[in-house]
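J.: Each chain is listed here by its residues.
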Amino acid sequence: MGDPKEITALQATTILISTIIGVGVLPLPLFAVRAGETSAPFVTLTGVFLAAIGLMILTYLGIRHPHKTIITYSQDIIGKWLGKIFSIVVIFFFLILSSLTAREFGAVVVTAVLRETPLEVTVIVMLLLAAISCRNNINVFAYIHNLYVPMILAPVLIVVAFSLKNANLLYLRPIFLGNDLWNMAGGMLTVSALFQGSFIITMIIPAMKTPKKAMKASLWGILISGGLYLLIVIATVAIFGPEEIKQIFWPTLELARTTAIPGNILQRLDIIFLAVWVLAVFTTLFSSYYFTIHSIKELFRLKDHKVLSYFILPFVFFLAMAPQNVLHMYEIIQLIGRAGLLITIIYPAFLLLIDFLRSWRRKKNVAKPS
Amino acid sequence: MWLNHRKLIIIMFSILIPLFLSGCWDSREIEKRANVLAIGVDIASEEDRKKEDEISHLSKEFPTPDEEMIKVTAQIAVPGEIPLGPQQPGGSAKPVLVVEVVGHSFQDAMLNLQQEVANELFLGHLRIIVFSEDIARSGTSRFNDFLRRNPEIRRTASLVVSKEPASKYMNITPELERIPSLYLAELVDNLTALGKFPPSFIGLFWTIYSSKGQDPYLPYLELKGKSAIQLNGLAYFHGDKMVGKTNPLEIGVFMSVRGIGRGGYGAFAEVPGKDESVLVRTVSRNTRTKVGIKNGKPHVSIKIQYESEIDEKESAAIQLSDSAILKKIEKATSKDAKRSIEKLIATTQKTKSDIFGFGEHFRAKLPQYWNRNVKTKEKWDGIYQNLTFDVKVDSHIHRVGMKSK
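Chains as they are written, first to last, in full-length UniProt numbering: chain C, 1 to 370; chain X, 1 to 405.
No lab work stands behind these hints: they were computed from the structure.
Be aware that a few hints might be false.
Incomplete in silico selection of chain C near chain X, CB under 7 Å [to be verified]: (1) A112; (2) T258; (3) R268.
Backbone N, C-alpha and C define an ideal beta-carbon position, used for all residues, glycine too.
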């Protein structure tokens, strides 16, 4: 609508990367190991693959409708009312996703770093930060993501590189342990749920200079973020072994705590890692928050999304405070994450199918009279 | 009007935000913190037990844990007395404070300790934890829970077993360093660098303890005289309980089986045909462990290559002048090494402690066998006891130092 079309393919890629990499990096090895023990990397890989399929479907849909987002083109494809109902579900889902991101962030900070600071304060600071940043237009949104990507990627790579000194390759074998396939499938869903932020691409495509390049951006985005996730899982499993990971809430954080830069420069890297991780969480939260208000704007055909930014803040905050404790929170996150795949993968697939049928019928109708 | 409104909001915000950003909930001045540098854990003696006050439980109203009571000795840094950088001469005040408390569990003891110390305890600088042998033998898993849960504890902190009561280690006065616990921690850290001990820190201990196919090991220290501490062997565990210790030289043997490349131990090897011996020091090793099923039973083959150096010969009667004699010495050392490796494995088999991690090899390389026959740690212990193995040792002496004979 009012948005300038200036986003390049590179920017779209960085938006995807920094959106996907978020709170999920901390418990990711735990999820993967619970599902597959030593085959955790394999579980992660299948999860990434599933997420990539979902993202490709969504991108393809976006390229077919280069001026609209899923909120608007769904109304074209499956009818005005049905489209609106589904769009409300999507918006609600991202509202919950934003709140859970903020809550998970708060939980980690309160347990590991700022133990005296009330949970509410960390959560609300993060939400405020997102809400204030969301008052900008989509170009600024892209710039912010672009700026943070190297800062997010580099330290994670450093931690992984230095930690490999203590790696024990035996922990990674057997690579495929087919003990409990159902459990592995569940883990795959949980892992690919961590990539749900990539849904943001539907909002990016209409603002891109050349929407056709969106597919390339999607693939690179998921390749880099998925590769990073895989690397993290491999490193943590090789260092701690599956049995130890099962005992740790946030294996990635523990990895940073175990890793020292040689020569006693830094004896533990967790503080650096956490500082970076705050950025990663911020970009993720920023994206899902922006997507929520942008979608509300499109759904109700409002002119501007800025006012909404503060308007939904209390809702997000109360949702964030809903889980009773950390364990409860992770139960909810896994549940919502898996259910969300219906929205982020099945729903676009369904839309694409109908879209194909419609255009096929249209072609037939055009062909008939002639 | 709108503009004013907006300004008002911005002003309100800028007043509100600093309130949230200051983060003062968690700010603690460094000198207001009681930095615990080292902790020693002992089993509480009868008279210690009486000292316990009702801090974390009331005798009748709250459940009292039924585990054996422990005595925790903590070394706390005295603010301002820890020298930074080069040592200033003539610091008279003691840099650390040593406090003893008793408790039913680790956290219980910590709560009791807090009750006696004015400042808030901070465990982020905890460098070393000493378990006395009695504690290690009675089981360490009950301490692991607290240590894992607490975010301040470093995973890279050292964990050692001591022959004497751990409280003695908290009171030593080493000459090389002003702060006793730092000396102790440096000592343990350097063991790995010098090739005297395989890498060992608390995180690694936990990792090995949780995995199914191996048992943990820790350095075993002994006090010599007033302030010297000796690495007296390797304490090996079965599950979380210490079950035995090796000689110091057997640590080298252990490291070669475990596949730690860095060598650091030397041993006398008899020169064949003569009654004298030379001191051969291992420089590096290369280990290959193969696992398989032989006649339906698990079998391990270990192949070790030693790179050694001759450091010293016993008497002039030995002529180290041609390569033939080196070959002979190589053979003799290989034979000795092989024998001691076999002996060490047999000893650990008796106590069911697979410190070499053979079980992990089976789990990783023969998953079908593992899934069918093993699966749990307990079962692996039984299998390990009757594991058959063969050892092949190959040593090479490439250098003899600066002397030609």
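J.: Next, verify each hint and record whether it holds.
T.: Each hint, compared with the structure:
Hint on A112/C holds. Least Cβ distance to chain X is approximately 5 Å, under the 7 Å limit. Hint on T258/C holds. Least Cβ distance to chain X is approximately 4 Å, under the 7 Å limit. Hint on R268/C holds. Least Cβ distance to chain X is approximately 6 Å, under the 7 Å limit.
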